[in-house]
Amino acid sequence: MRVDRRLLALIGVIAVLALFIDGFAYVYRVATNQPLTGPIRGVPTLSIPFLGFEQQIFVHKGLDLQGGTHLELEITKVRSGTSITEARDVAVAIIERRVNSSGYAESVVRPEGANRIIVELPGVDLEQAKQILGKTSYLTIWKWEPGTSDAATLQELNPKDAQKYPGYKPVFTQIDGSMITNASRSTDPNTNLPDVTISFNSKGSDLFCAFTRDRVTHPQGDPQNKLAIFIDKDLVEDANVISEICGGSAIITGGFTAASAQALAIQLNSGSLPGTINLASATEVGATLGATTVKLSLLAGAFGLSIVILFMLLYYRLPGLVASIALLIYAAIALAIFKLFGVTLTLAGLAGFILSIGMAVDANVLIFERLKEELRAGRTLGAAMEAGVHRAWPAIRDSNISTLITCFVLYFFGAPLIKGFAITLAIGVGVSMFSAIVTTQQFLQILAGLRPARRLALYGVQAPKAA
Amino acid sequence: MNIVGRRNWYFLLSLAIILPGIVSMAFLGFRLGIDFAGGDQYNLAFTQPVQASAVQKEMDTFNVEAIVQQAGPDGVLVTTKPLASAQETTIRADLAKKFPLDPSRSSYAQVGPTIARELVVGAGGLVVIASILIVIYLSIRFNYKFAIAAVLALLHDVFVLTGIWSILGKVFNSPLGEINTLFVTAALTVIGFSVHDTIVIFDRIRENLRQASRLTFEQNVNLSIIQSLARSLNTSMTVIFVLVALFLISPTNIKGFTLALLIGIVSGTYSSIFNASPLLVVWRRLDPR
Numbered sequence: 001m002r003v004d005r006r007l008l009a010l011i012g013v014i015a016v017l018a019l020f021i022d023g024f025a026y027v028y029r030v031a032t033n034q035p036l037t038g039p040i041r042g043v044p045t046l047s048i049p050f051l052g053f054e055q056q057i058f059v060h061k062g063l064d065l066q067g068g069t070h071l072e073l074e075i076t077k078v079r080s081g082t083s084i085t086e087a088r089d090v091a092v093a094i095i096e097r098r099v100n101s102s103g104y105a106e107s108v109v110r111p112e113g114a115n116r117i118i119v120e121l122p123g124v125d126l127e128q129a130k131q132i133l134g135k136t137s138y139l140t141i142w143k144w145e146p147g148t149s150d151a152a153t154l155q156e157l158n159p160k161d162a163q164k165y166p167g168y169k170p171v172f173t174q175i176d177g178s179m180i181t182n183a184s185r186s187t188d189p190n191t192n193l194p195d196v197t198i199s200f201n202s203k204g205s206d207l208f209c210a211f212t213r214d215r216v217t218h219p220q221g222d223p224q225n226k227l228a229i230f231i232d233k234d235l236v237e238d239a240n241v242i243s244e245i246c247g248g249s250a251i252i253t254g255g256f257t258a259a260s261a262q263a264l265a266i267q268l269n270s271g272s273l274p275g276t277i278n279l280a281s282a283t284e285v286g287a288t289l290g291a292t293t294v295k296l297s298l299l300a301g302a303f304g305l306s307i308v309i310l311f312m313l314l315y316y317r318l319p320g321l322v323a324s325i326a327l328l329i330y331a332a333i334a335l336a337i338f339k340l341f342g343v344t345l346t347l348a349g350l351a352g353f354i355l356s357i358g359m360a361v362d363a364n365v366l367i368f369e370r371l372k373e374e375l376r377a378g379r380t381l382g383a384a385m386e387a388g389v390h391r392a393w394p395a396i397r398d399s400n401i402s403t404l405i406t407c408f409v410l411y412f413f414g415a416p417l418i419k420g421f422a423i424t425l426a427i428g429v430g431v432s433m434f435s436a437i438v439t440t441q442q443f444l445q446i447l448a449g450l451r452p453a454r455r456l457a458l459y460g461v462q463a464p465k466a467a
Numbered sequence: 001m002n003i004v005g006r007r008n009w010y011f012l013l014s015l016a017i018i019l020p021g022i023v024s025m026a027f028l029g030f031r032l033g034i035d036f037a038g039g040d041q042y043n044l045a046f047t048q049p050v051q052a053s054a055v056q057k058e059m060d061t062f063n064v065e066a067i068v069q070q071a072g073p074d075g076v077l078v079t080t081k082p083l084a085s086a087q088e089t090t091i092r093a094d095l096a097k098k099f100p101l102d103p104s105r106s107s108y109a110q111v112g113p114t115i116a117r118e119l120v121v122g123a124g125g126l127v128v129i130a131s132i133l134i135v136i137y138l139s140i141r142f143n144y145k146f147a148i149a150a151v152l153a154l155l156h157d158v159f160v161l162t163g164i165w166s167i168l169g170k171v172f173n174s175p176l177g178e179i180n181t182l183f184v185t186a187a188l189t190v191i192g193f194s195v196h197d198t199i200v201i202f203d204r205i206r207e208n209l210r211q212a213s214r215l216t217f218e219q220n221v222n223l224s225i226i227q228s229l230a231r232s233l234n235t236s237m238t239v240i241f242v243l244v245a246l247f248l249i250s251p252t253n254i255k256g257f258t259l260a261l262l263i264g265i266v267s268g269t270y271s272s273i274f275n276a277s278p279l280l281v282v283w284r285r286l287d288p289r
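Protein chains in written order, with our numbering: chain A, 1 to 467; chain B, 1 to 289.
These are calculated hints, taken from the structure and not from any lab test.
All C-beta atoms in this analysis are idealised placements derived from N, C-alpha and C, irrespective of residue type, glycine included.
One thing to keep in mind: the hints can contain errors.
[Stated by the list, open to error] Here are some, though not all, of the chain A residues that point toward chain B, as calculated from beta-carbon distances under 7 Å: (1) Gly-247; (2) Ala-282; (3) Leu-298; (4) Ala-302; (5) Gly-304; (6) Asp-362.
[Stated by the list, open to error] Per label pair, the in silico range of CB-to-CB distance: (7) A/Ala-453 <-> B/Ala-26: 40 to 50 Å; (8) A/Glu-54 <-> B/Thr-47: 25 to 35 Å; (9) B/Met-237 <-> A/Leu-318: 36 to 46 Å; (10) B/Asp-94 <-> A/Ala-302: 36 to 46 Å; (11) B/Tyr-144 <-> A/Pro-39: 38 to 48 Å; (12) A/Gly-378 <-> B/Arg-6: 46 to 56 Å; (13) B/Arg-6 <-> A/Ala-453: 24 to 34 Å; (14) B/Ile-67 <-> A/Lys-203: 34 to 44 Å.
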């Protein structure tokens, strides 16, 4: 077999592309006039307008490497009339809104299975996460009317709250959280005090308009002038109505601090969850712990790679050098794939990647062992190289396919943590086959064409006795 | 070197390692992590050295079946039964008040009982599904005898690993021997690696059998093992180097994971050389077709 120039060119192009993507953060810094060190502003994004290509390029770190909270929520007790998957999707939308309005960047809210929701909040501890997610489920607006609460109301609401004003009972206005389209913290222009602005959909707007028009007819201080907001069973807000509020939005004032106004806005945004949400599992990782893990894994990866390269050089000599270069190209390609396709790297994922280095080496070792045998059998260098690759191929193919089978099973049936491992291992195995079969083989063929590279001692083989 | 000829000694060595493990698994079971048993686990790091016994004393006041173990001089691992959200908050606040807690180096996990049940079923199922698919693939590439021998070697490694884990967790009561999701990942990796190793040798046997020679089947298998030996040891040694490095520097939460990989890969290398291929010879003797 001759050196295939087209294949060599392909290897070159892929390697350059991979290095470009690996170093893209620096390209981005230069392009946006940022210093080359220190924290980076913005997300490095590669866009090629005439191809319609736009992709963010950075290493997506899992929560275990980044620090943060991972929650798995389970929906139970769905209100009648909704299916569990419908309830799940509504809940995902609501939680997403709630998380976003709290301003947590890069958070993930996604459905999992029929009745689960996964929430990932980087850089947030569990207590904060619970505050964002845990409390609210169903928001209702009530008015106070003369009378005493009946048993049904006391069942529905916290009795202490329902009996706040002796001689008055709460009456449901038919306005609930599902009618609120948005709520945000705002500031009263006259007093400069924090308040909360809410917007209703048309049905909520009409109801709220009629309700407030009726309320302002009562004097201030009278419970009948008040608007009572209950979340689940608890009274969270009991505000005076100063004027009728029509036109779809309302402002709630009344002794807020900036934080409590923000909290109420979040609770209002959470709207009405269509069922009860339980915490099925939670994981919280401290920020420094994640960073330490990354450092250790990179150290282990670098150490592993150096040992492997050292071993290859000592044991296989010249081909070892070739394999080491192939291995570095392999690492660059794999990293570029992780970055380009946004593969989330977790601890298990890193382990899978480091393990795949071992498998990449194995393919090379298989080829070189065969190469040595062929050389000992007295073949010429070129023929021995070709035969070496050719005869090692079935073992490389079958062993890697069986590893890919395991990855496949892990990916499709495994828990999220196992999935991360399966993806990186599979990418590693795939790239390693390319590395061994295409890159190493082409490099070997180049060597075979160079006169100084023909001494058998360079291959760790003694020249065979003339047969 | 005659490896196949001494096969019974090698089978015996495997048994000597597997049997105590099986006994331990049968009578003592496993030390289940919260992934499988359900519950709460704190991996607490402190700014100063703290004794596990002091934390244990504090945890006992909450009556939550807490088990506290030392994890390095300035860290402990606390495992409890599943906690209600409010209770969890109280406990954490209390620990933060009484000990020099460093939240940024700590971690916490909670697994509810429903998820735990799913994982137990899932993990066992994964091993079975992966094994079946591998048998099918190898039956196509080689034949069913090779496929079954490879899977027996694979099961050997699974038993070595789970047996040692049962002993580590139950007899030595070490947190390293905990069965959790990471352990399952390690076990599945070992399966992949074990088959990988076995296939390389089988490939050599397949190739040698095709060439007409005066060698008997037994000699042929032995020759193939010897021919692949350099490769088997070289590859395994490089992976083992990497894993030893990982094990030494890994934090407590993944030490068990790297140890499991280490044991599994040593076992996988052993079983592919000393069990899988000699099994082919045994089978050929019993059924000489």
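The hints, checked one at a time:
no.	hint	verdict
1	Gly-247	violated (40 Å)
2	Ala-282	holds (4 Å)
3	Leu-298	violated (11 Å)
4	Ala-302	violated (10 Å)
5	Gly-304	holds (3 Å)
6	Asp-362	holds (4 Å)
7	A/Ala-453 <-> B/Ala-26: 40 to 50 Å	violated (59 Å)
8	A/Glu-54 <-> B/Thr-47: 25 to 35 Å	violated (45 Å)
9	B/Met-237 <-> A/Leu-318: 36 to 46 Å	violated (21 Å)
10	B/Asp-94 <-> A/Ala-302: 36 to 46 Å	holds (41 Å)
11	B/Tyr-144 <-> A/Pro-39: 38 to 48 Å	violated (59 Å)
12	A/Gly-378 <-> B/Arg-6: 46 to 56 Å	violated (33 Å)
13	B/Arg-6 <-> A/Ala-453: 24 to 34 Å	violated (42 Å)
14	B/Ile-67 <-> A/Lys-203: 34 to 44 Å	violated (54 Å)
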